[in-house]
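When you line the sequence shown up against my numbering, it's residues 137 to 221, in that order.
Just so you know, the hints here were simulated from the structure itself, not pulled from any lab data.
Mixed in with the good hints there might be a few duds.
Stated by the list, open to error - Cβ pair distances, simulated, as ranges:
| hint | residue 1 | residue 2 | range |
| --- | --- | --- | --- |
| 1 | LEU167 | ARG147 | 15 to 23 Å |
| 2 | ILE151 | GLY197 | 17 to 25 Å |
| 3 | ILE151 | SER214 | 17 to 25 Å |
| 4 | SER163 | GLU198 | 15 to 23 Å |
| 5 | ARG218 | VAL177 | 17 to 25 Å |
| 6 | SER163 | LYS219 | 17 to 25 Å |
By construction, the Cβ of each residue, glycine as well, lies at the ideal position given by its N, Cα and C atoms.
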Amino acid sequence: MNSSTNEIRVRVDQIERLLMFDYEPGSEEALFDICDRSGQVVKTGEVRGPVTQVRVTDLEGEEYYLMVLDGELSTVKSFQLRKVA
Numbered sequence: 137m138n139s140s141t142n143e144i145r146v147r148v149d150q151i152e153r154l155l156m157f158d159y160e161p162g163s164e165e166a167l168f169d170i171c172d173r174s175g176q177v178v179k180t181g182e183v184r185g186p187v188t189q190v191r192v193t194d195l196e197g198e199e200y201y202l203m204v205l206d207g208e209l210s211t212v213k214s215f216q217l218r219k220v221a
């Protein structure tokens, strides 16, 4: 498995509550899951490479994991959300 071809770069706009991740899918059926700390899937959708944007206004916690499922490959990246005052 070549890890450089399935690298994910994650950015979070804390003000707009928008998760953006760079990932060029290798298959047309690439999907993402956002999981909480316990591993429960809280959001899912299609990867729309090269940049996928996901609104995260409904997520209450602080620590999450982004998992991209692309054919036989799966890649996981953690990210943090700050509480908005």
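Right, here's what the structure says about each hint:
1. Distance hint check: the CB atoms of LEU167 and ARG147 are about 20 Å apart, consistent with the given range 15 to 23 Å.
2. Hint check: ILE151 to GLY197, Cβ distance near 18 Å, so the stated range 17 to 25 Å holds.
3. About 21 Å separates the C-beta atoms of ILE151 and SER214, a value consistent with the hinted range of 17 to 25 Å.
4. Distance hint for SER163 and GLU198: a CB-CB separation of about 32 Å, inconsistent with the stated range 15 to 23 Å.
5. Between ARG218 and VAL177 the C-beta distance comes to about 22 Å, which sits within the given range of 17 to 25 Å.
6. Taken as a hint, the range 17 to 25 Å is violated for the pair SER163 and LYS219, whose Cβ atoms sit roughly 36 Å apart.
Hint violations for this structure: numbers 4, 6, all remaining hints satisfied.
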